[in-house]
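Student: The primary structure of each chain is shown beneath.
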Amino acid sequence: MVRMRLGIARTSYTTPPGLYALGRPDAESPVLVTANYRMTFDIVRSAMAGHDLWILVLDTKGINVWCAAGKGTFGTDELVGRIEATGLSDVVTHRRLILPQLGATGVRGHEVAKRSGFRVTWGPVRIHDLPAFMKSGMKATPAMRRVTFSFAERLVLTPIEITGSWKISLVALFLCMIVSGLGKTGFHWRAALIDGASAFLLYCAALITGAVVTPLLLPWLPGRPFSIKGAIAGIAIILAIHAHHPVGLHWLLLFPALASFTALNFTGATTFTSLAGVKREIRIAVPLHIVAGGAGLIAWIAGRLA
Amino acid sequence: MNGRSLAIDDGKCVSCGICIDVCPHGVLAFGEGRVRVDAIERCMECGACAMNCPTGALTVDSGVGCAYAVIRGALQGTAPDCGCGKGDCCT
Numbered sequence: 015m016v017r018m019r020l021g022i023a024r025t026s027y028t029t030p031p032g033l034y035a036l037g038r039p040d041a042e043s044p045v046l047v048t049a050n051y052r053m054t055f056d057i058v059r060s061a062m063a064g065h066d067l068w069i070l071v072l073d074t075k076g077i078n079v080w081c082a083a084g085k086g087t088f089g090t091d092e093l094v095g096r097i098e099a100t101g102l103s104d105v106v107t108h109r110r111l112i113l114p115q116l117g118a119t120g121v122r123g124h125e126v127a128k129r130s131g132f133r134v135t136w137g138p139v140r141i142h143d144l145p146a147f148m149k150s151g152m153k154a155t156p157a158m159r160r161v162t163f164s165f166a167e168r169l170v171l172t173p174i175e176i177t178g179s180w181k182i183s184l185v186a187l188f189l190c191m192i193v194s195g196l197g198k199t200g201f202h203w204r205a206a207l208i209d210g211a212s213a214f215l216l217y218c219a220a221l222i223t224g225a226v227v228t229p230l231l232l233p234w235l236p237g238r239p240f241s242i243k244g245a246i247a248g249i250a251i252i253l254a255i256h257a258h259h260p261v262g263l264h265w266l267l268l269f270p271a272l273a274s275f276t277a278l279n280f281t282g283a284t285t286f287t288s289l290a291g292v293k294r295e296i297r298i299a300v301p302l303h304i305v306a307g308g309a310g311l312i313a314w315i316a317g318r319l320a
Numbered sequence: 065m066n067g068r069s070l071a072i073d074d075g076k077c078v079s080c081g082i083c084i085d086v087c088p089h090g091v092l093a094f095g096e097g098r099v100r101v102d103a104i105e106r107c108m109e110c111g112a113c114a115m116n117c118p119t120g121a122l123t124v125d126s127g128v129g130c131a132y133a134v135i136r137g138a139l140q141g142t143a144p145d146c147g148c149g150k151g152d153c154c155t
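These protein sequence lines are chains A and B, in that order. In this text, residue positions in the first sequence follow the numbering used here: the first is 15, and each later residue adds one. In this text, residue positions in the second sequence follow the numbering used here: the first is 65, and each later residue adds one.
It is worth saying that the hints were derived from the structure and are not from the lab. All clues given are correct.
Derived pair list, reagent style DSSO-like, types lysine-lysine, alpha-carbon separation capped at 30 Å:
#1 A:Lys75 x A:Lys293
#2 B:Lys76 x A:Lys153
#3 A:Lys128 x A:Lys75
#4 A:Lys128 x B:Lys76
#5 A:Lys75 x A:Lys181
#6 A:Lys128 x A:Lys153
If you want a taste of the chain A side facing chain B, the calculated C-beta under 10 Å gives, among others:
#7 Ala83
#8 Phe240
#9 Leu278
#10 Leu289
Pair by pair, the computed Cβ-Cβ distance ranges are:
#11 B:Gly120 x A:Arg133: 18 to 26 Å
#12 A:Asp66 x B:Pro118: 25 to 33 Å
#13 B:Gly95 x A:Ala157: 17 to 25 Å
#14 B:Phe94 x A:Gly64: 29 to 37 Å
#15 B:Lys76 x A:Pro236: 36 to 44 Å
#16 A:Ile249 x B:Asp125: 28 to 36 Å
Keep in mind the model is a prediction, meaning the values are calculated, not measured. Cβ coordinates follow ideal geometry from the N, Cα and C atoms, glycine included.
Let the sequences and hints guide you as you build the complete structure.
Tutor: What follows is the structure in structure tokens.
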């Protein structure tokens, strides 16, 4: 689970698509439909332990239900095809499927019914509500239908934001060392290592500000756009660092720009931002990131050479 | 700003309520026996309602608001692409 959250070799975390039995299901047992991201499948199995039911796993290329539905792999065609491929209509006598509500952006329920004969029941957003949902005769409370984004839910998503940016971090490490090594009298290896290391530490702090601090403090940071929240967190933290340990003008530009850009990239991990809204935000924020980042970099290099 | 592309055609709506079920933000609700937009500011235009409306009464310009995918798509000159399922991934 921890390795999966960190995203280490994450493509290997898939479950073969198909029909699975949980407990001892029979021809009357309910059929749940889920994605083949192994963490999703494991959570479904553990949440429903003690129930006898069928689990129909779709081929979502190892992606969770929400992202896969958005991409269309958790979709009508895949579901109808998987019902046929598994011979589900011979396994169960009823014609009802329970799908996770967050799959509704990819699956057209009424079309599934028309093409396969199976009627789609939209289950709750969270699998943990499914036992109560089934007990009450497939009735969801309003709370079961709403997505949340609690502190804990945000926290588990932060490691991937850090590990997912390792390529950029490698470039940043290289850049920190090159620029730090620059001097009036040529390239200094000692400065490249020592000053480069402290510059890279600041880069890491900016990354953490955008990828961890901003998501965790989301409801309390001012502004609605993630880029503004990230920029504000970045400015606050670099000023706090600057007060104890002066960092130079360039970091006052680089740090908030980096934190803001990283925070902007967290939007995909949420279920609260619209495509139109994100596009609008990118059009305004990214040029500012480039200007602030570029100015910061020039100021930094100029400072080393002056 | 949010949800401004969401529209209901009252003439086509048969009040089945599936849109209310699939909406993850409680944007829609029954009112006066019909489906009404109750909290447009919470709409993220995910498209679940329009996708599952059996009569095509609901329309919305949908898409998932993932900045990473939008930026990646712009750099590649393609539609938004998070690259998930091909190695690196977002969630």
